[in-house]
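Peer 1: Make the full structure from the sequences, and use the hints.
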Amino acid sequence: MQKKRFNIWPYLLISPALLIVTFVVFLPVLEAIFMSFQNYDLRRPDKIAYIGFQNFAEMFADPIFWLAFKNTVIWVVFGVGLQFFFGFILALLLNQKFIGRGLVRSVSLIPWATPGVLIGLMWKWIYDGNYGVLNDLLMKVGLVDQPIMFLSQTSTAFGSVIVTIIWQGIPFFAIMILAGLQGISQEMYEAADIDGATKLQKLFRITIPSLKNVIFITILLRVIWVANSVDIIHNITGGGPSYSTQTLSVYIFNKANVLDLGYSSSMALFLMFMLAVVAVPYLKNSFKEGTK
Amino acid sequence: MKKLLLLFIMLWCGAALLGCTAAQNSSDQDEENEQPTENEAENEGENEEEASDDSEGATITYWYWADNSEYSQLMQDIIAEFNETNDKGITVVGEEYPWDGGGYSETLFTAAVGGGGPDVASFKLTSTPLFTANDLLVNLDDFINNWEDKDEIDENLYNVMKKASGTDSIYVMPWNTQILYVYYRPSIFEEAGVEVPTTYEEFLTAIEKTTMDTDGDGTTDVYGFGMRGATGGHEPWGSFIHGRGGSFDELDSEASIKGMQDFIDIYENGYVPPTATTDGFNEIIANFKSGKTAMTIHHTGSSAEMVETFGDDVSAFAFPAGEGQWTSMGDTENVIFESTEHKEAAFEWVSYLATGKGQEDWTIATGNVPVSKTVQQLDHFQNNKFMKASIDGMPYAGIIPIKDTTTEWISTIWPNTTSAALLGDQSAEEAMQTLQEALHEE
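Respectively, the protein sequence lines represent chains A and B.
Residues in the first sequence are numbered from 1 upward in steps of one, following this note's numbering.
Residues in the second sequence are numbered from 1001 upward in steps of one, following this note's numbering.
Everything labelled a hint here was simulated from the structure, so no lab data went into it.
Don't take every hint at face value.
Covered stretches of chain B (chain A as the covering partner; in silico rule of three or more C-beta atoms under 8 Å from a C-beta of chain A) [to be verified]: (1) 1099–1113; (2) 1229–1238; (3) 1271–1277; (4) 1281–1289; (5) 1403–1412.
Every residue, glycine too, gets a C-beta built ideally from N, C-alpha and C.
Peer 2: In structure tokens form, the structure reads like this:
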């Protein structure tokens, strides 16, 4: 059997892209890793030095960090979970034939196409306790007597920003799942009809299993994006009141903003590994399946 | 190969977040290595005049913020007039950035250390140590000593500028000041049977009495005070702390805690809008202008729009004295960046704003307190009730201690800790302990 010859061309062709990625992404990441072991605080530039694991020790002893960690878990689980749930329903609806389907599909994409900063400002005024349209509507239909201070009390602020991220993310799930739905062979449904399958049976035995990969990759992407998301919370509440809406990414942003870059880098590193814990099993699994 | 690819993808996932933080600072580290020593910096200041500095025909970029769209246009007009009238052919290009509750200073710093900053920028004193520690600002000592208008500005103001830098040098050029005072609605005071308070206790009583259910439906229609619980609220809050004899130096003292308790009490008793924990500048002004609040605290920057809304039914008084007395002296200066190639042209521009036509145009239109003695003597400033409240507050006006912890304390620690106290999650004592430690940590 003849030994396969080494071909250098694929490596040469991919090298420009790899070089760019190395300089634009990997070097800054490495620098951030180094910074996480320094008291890299630009407010005290004369004191910058390597301090070992001190940033991490402070981080694990910081009650605001643990509150932000808990908030991040809630933010991702409810944010992504409900985006998927409503996005799936929207995709099923948009997959039906009805007049004006194209227009509805386009309109439903608007939240996804709107910049996060604008979404934040928009929802901040929607929720406003004095002039917000949501309170106005609730009072007009008689659901409440007094305006609800959605963003000004700890009991409602975080729920309110979670609703906003759900609103933003539903179209992304819908469009991804819709694309998956259109790839499912109609013959499978016809065969199921012949076998007398109910609608629910078709959903759980054909539709969902066929969409498994689409659902997994979409959820994975959204988990990473939502966990890293800063713009919406920053513009609606800034992480308050009383840190009640502060997620890890917002805490990292706030710390970096006041130039405590060592501490913020150590938290960013922690968040990266947290996301890796979620992503690695899935990626391993999908690579195995890809080689079958 | 598969494992390598897997590792590649994993690093990619986390890179977006980490990349942002690190990329911003790759240049900082390089600059840090090149930072001159203190002596070298001083020598540089001495040699500024000798440095090649061609102001003839120079173009300089100028960053500023404006509180509303009228002031944006005003600044562009001042710039246009300067560009037309200066005899050195200097062209100023004005670029506006939002104040963003202090975020402006952070944006400016990031741009400056990253090499993308302007030649000149509007500035707040509180940022001075950060910028000077990173050798970003031009030492103005020689420029000011050789300046023909030097005596137009009160010596005390120069001293405040020096104190802010923590050195004997001036790095910021005075422009205008804003003294916080209390806006009130005379018609609401009359309806509530309240006189303008002359003591801190009377002020607290006025807040209580002007909180009214005007239509008798059992809900509050007018709140006594527009409290600012979001970023920037530490300034009016400071007046309450000092009103009980407390101070920024000892936030955990008994007197300071009593001041904090007053702040909590007026929230818990419903004398302020329930949104107060997250109300910022826009909200307190909107609440006052819509008649929802009887009093609020701000400076002359808002006086024009207040008069436009209420005519004669708005007036002002200086924050009254209790066991102590303090009000926040807002300040706006201009700074010249070391990175500029046109230091003399830049100084021409900042001096035009400090004592030239730019000073008169800006302070008259914005209602800010001028730093130029000549401009202060104009009738416009001598016969204005809001300016009078500002001037009344001048003797006890101050600034929050400028430390390297101040920015974080203002932007995140104060609003979150205070909202925790207002919402009952922390006692006044616990909150003040947190605030003391965060502001004065070494």
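Peer 1: Are the hints correct? Go through all of them and say.
Peer 2: Evaluation of the provided hints:
1. 1099–1113: With 4 residues close enough to chain A, the hint holds.
2. 1229–1238: Our answer is that it holds, as 3 residues pass the Cβ test (under 8 Å) against chain A, meeting three.
3. 1271–1277: holds (count 5)
4. 1281–1289: Since three or more residues must qualify, the claim that chain A covers the region 1281–1289 of chain B holds, with 3 doing so at under 8 Å.
5. 1403–1412: Check passed, 6 qualifying residues.
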